[in-house]
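Chains A and B are the protein sequences, given in the same order.
Quick note on numbering: the numbering used here labels position 76 of the first sequence as 76, and the sequence is numbered without any gaps.
Quick note on numbering: the numbering used here labels position 276 of the second sequence as 534, and the sequence is numbered without any gaps.
Calculated from the structure, these hints are not laboratory results.
There may be inaccurate statements among the hints.
Stated by the list, open to error - Covered stretches of chain B (in silico footprint by chain A; criterion: 3 or more residues with CB under 8 Å from a CB of chain A, positions within the stretch not fixed):
hint, stretch
1, 314-321
2, 324-330
3, 528-534
Beta carbons are placed, not taken as given, at the ideal position from N, Cα and C, and that holds for glycine.
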Amino acid sequence: MSKLSLHSLQQQMMNYLIDDKADIAQHVVEHGSINRTARLHIYKNAYRMRLKETIENDHQMLGMYLGDDLFEQMVSGYVTAYPSNKTSLRNFADALPNFLANHTPFKNHPIISELAHFERLLMVAFDAKDAARFTRQRLLEIPHEQWPSLVFRFHPSVQIAAFNFNTVETWQALKQQHAPEPAKHAANVWLLWRNNERLTQFRSLSQQEHSLISLMLSGDNFAQLCEQLLSQSSDEDISQLALNYLLSWVDDGILINQ
Amino acid sequence: MANNQPINHLTRELLLSLSDVVVPEHFLGFGLGLRTEHFQDVLNDKPNIDWFEVVSENFMVDGGKPKHYLHSIRELYPMVMHGVSLSIGSTDPLNFDYLRKLKVLSNELQPEWISDHLCWTGAHEKNSHDLLPLPYNDEALTHVCQRVEQVQDFLGRPILLENVSSYLSYKSSEMTEWQFFNEVARRSGCEILLDINNIYVSARNHHFNPQDYLNGITKDKVKQFHLAGHSDYGDYVIDTHDHPVADPVWQLYQQALIRFGLISTMIERDDNIPPLVDLLAEVDTARKIAQQTLGLSNE
Ligand SMILES: [Fe+2]
Numbered sequence: 001m002s003k004l005s006l007h008s009l010q011q012q013m014m015n016y017l018i019d020d021k022a023d024i025a026q027h028v029v030e031h032g033s034i035n036r037t038a039r040l041h042i043y044k045n046a047y048r049m050r051l052k053e054t055i056e057n058d059h060q061m062l063g064m065y066l067g068d069d070l071f072e073q074m075v076s077g078y079v080t081a082y083p084s085n086k087t088s089l090r091n092f093a094d095a096l097p098n099f100l101a102n103h104t105p106f107k108n109h110p111i112i113s114e115l116a117h118f119e120r121l122l123m124v125a126f127d128a129k130d131a132a133r134f135t136r137q138r139l140l141e142i143p144h145e146q147w148p149s150l151v152f153r154f155h156p157s158v159q160i161a162a163f164n165f166n167t168v169e170t171w172q173a174l175k176q177q178h179a180p181e182p183a184k185h186a187a188n189v190w191l192l193w194r195n196n197e198r199l200t201q202f203r204s205l206s207q208q209e210h211s212l213i214s215l216m217l218s219g220d221n222f223a224q225l226c227e228q229l230l231s232q233s234s235d236e237d238i239s240q241l242a243l244n245y246l247l248s249w250v251d252d253g254i255l256i257n258q
Numbered sequence: 259m260a261n262n263q264p265i266n267h268l269t270r271e272l273l274l275s276l277s278d279v280v281v282p283e284h285f286l287g288f289g290l291g292l293r294t295e296h297f298q299d300v301l302n303d304k305p306n307i308d309w310f311e312v313v314s315e316n317f318m319v320d321g322g323k324p325k326h327y328l329h330s331i332r333e334l335y336p337m338v339m340h341g342v343s344l345s346i347g348s349t350d351p352l353n354f355d356y357l358r359k360l361k362v363l364s365n366e367l368q369p370e371w372i373s374d375h376l377c378w379t380g381a382h383e384k385n386s387h388d389l390l391p392l393p394y395n396d397e398a399l400t401h402v403c404q405r406v407e408q409v410q411d412f413l414g415r416p417i418l419l420e421n422v423s424s425y426l427s428y429k430s431s432e433m434t435e436w437q438f439f440n441e442v443a444r445r446s447g448c449e450i451l452l453d454i455n456n457i458y459v460s461a462r463n464h465h466f467n468p469q470d471y472l473n474g475i476t477k478d479k480v481k482q483f484h485l486a487g488h489s490d491y492g493d494y495v496i497d498t499h500d501h502p503v504a505d506p507v508w509q510l511y512q513q514a515l516i517r518f519g520l521i522s523t524m525i526e527r528d529d530n531i532p533p534l535v536d537l538l539a540e541v542d543t544a545r546k547i548a549q550q551t552l553g554l555s556n557e
C-alpha cells in the first residue's frame, strides 16, 4: 500500500464522519483492546453529538414543540443535508428554517420552520453590534426646524420578522411551559431587538407601525413618515401621533445616534 | 540550600523562597478558563485568581452582553486567548477571514498570548468542529510548520500550540507525537501549551508512557499547562472536560513541574460547569501542588 498523503487522509476522515464511508479504517493502527472501528466510532459519535447539542442549544422551544422523536429525525436529516462548512458552530444551524420548510414531514406544518426562524433571529439580536442609542435628551436638542428632514437609523440588533402563523405566541407558551394553542393561520409582524439593558426583546407591530418602520428602513425622513400617517388617518393630530411613535422607539432603544 | 537545617523546620513557603526555582519571565500564576456561567460571580466577587483564559471563538461576535462582560472582566485580570478553529494541520487554505477576526479580538483584549491546537478540524470546506489528530510524519511536519509561520507573520507574534487528546493513530505516522510536537516548535518558533490531561488520556488510549512524553519535550518551549477532567471507560479514556481533575493527572502534573519548573497553569472546564468556588478550589490545589513539588524537589 503506497503511503497515504495528508490530503487524502483528511478527505477520507471527513468522508467517514459525514457520509459513513469507511476507507479511512485501513489506515488506522490496530492495537490494544479496542479495535480501529471502535476508535473511529469515538470520533463519529463526538461529531454527531456536537452538532446535535448545537441545534438543541440554539432551538430549545422548537425542541419542545417537536418532541424527542421528531427532533431526532430533524437533527439526523439536517446534519446529513447540511454538513457544516462554517468556521463557528454558532452558524451551523443557519439553514435549519430552510431545511424545515422543504423537507417532509416538517414542511407540512409551516409553523415549525417559522419557530426555527424566530429562534435564529433572537440569536442574531443577542450579539449584534453595539451602537450608541438615540435618547430623549438628544431629540430635545434638535432645533424644531430640522425635524422634518430628520432620518432615523435602527440599532444593529433590530430585526423585523413576518410570520403566517401564531408562531411567536406558540414560542412564548412553550417558554412558559404551557401547552401552545393549535397552529392558526394569521399574518403578523414582529420587531426584535436588544434593549438598553442588553436583553433581547420582541413585540408585535401594528400595520401602521410596520409601514412607518419600512419607510425608515428605505431612508425616508420624518416629514415623509408624517405624510404616510396623514394618508392613513383623517382627523387625528398627525404630528402628535408621529411624536408618540418616535418617543416609543427612543425609549425602546431601537434608534441610534448617527 | 545554604545551611543544613532539617527540612521539617522550614515552612514550605520559606522553602520555596530559599529554593532556586526560576520564575519564568512570562509566568502568569494560576488561572481558570472563563465561562459565561461565571461572568456575574467574577464581576461581583472579584475572586483571588491570577488570570483567565477565554475561548476566542465565543467572542468573535460584534457586540452584546457576553462581550460587554468580557471587557469588564479584562479590566480586572490578565487574559490569554485560546482558539479551537485555526485548523493548523488542514490541507485547506488558511482561513484568513478567521485570522482577521482573531486579530481584531486580540487588539481589543491585548492578551498575554494566543493559543490553538496541534491538529486539524476540517478539510475540503467541511468542518468537523473537532480536534482531529494529524499523522506524525515529514509531510505533515513541513505542512504545519509553514502554516504556523504564516499565522505568526499575520498576527505579528508567536503562537502557542496545544497537544490534543486522541483516540486513534495512523499507519502513516513515522515518529511519536512528542517528537513531532517538539520539531514543530523548533522549526516554526511557536511555543507549547502542554495539556497534562490530554497527555494522560492519549497515553492510556495509545499505550505509551506519559513520562516519555514529558521527557521528549524541550524545556524552554513550554509556556502554559492545561489541567482538566476526563471520563475513564477502562479500555479507553475520553477527554470530556466535565469532571474535576483526576488523581493520575495531578500526579502527572507533579512530574511535569519537576521537568519544566514553574509554568502558568490553569483549570479547563467546559461541561457540567460547577459553581465558581469549586473551580477556584481546584486552582488552589494546582497552586499548592506546585509549591510543594518545586519546594521539595529542590532538596
Ligand atoms: Fe486543553
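Going through the hints against the structure:
Evaluation of the coverage hint for the stretch 314-321 of chain B: fulfilled, as 5 residues show C-beta separations to chain A shorter than 8 Å, against a requirement of three. Counting residues of the stretch 324-330 of chain B whose beta carbon lies closer than 8 Å to any beta carbon of chain A gives 3, which meets the minimum of three for the stated coverage. Counting residues of the stretch 528-534 of chain B whose C-beta lies closer than 8 Å to any C-beta of chain A gives 0; at least three are required, and the coverage claim is violated.
In summary, the structure is inconsistent with hint 3 from the numbered list given earlier, while agreeing with all the others.
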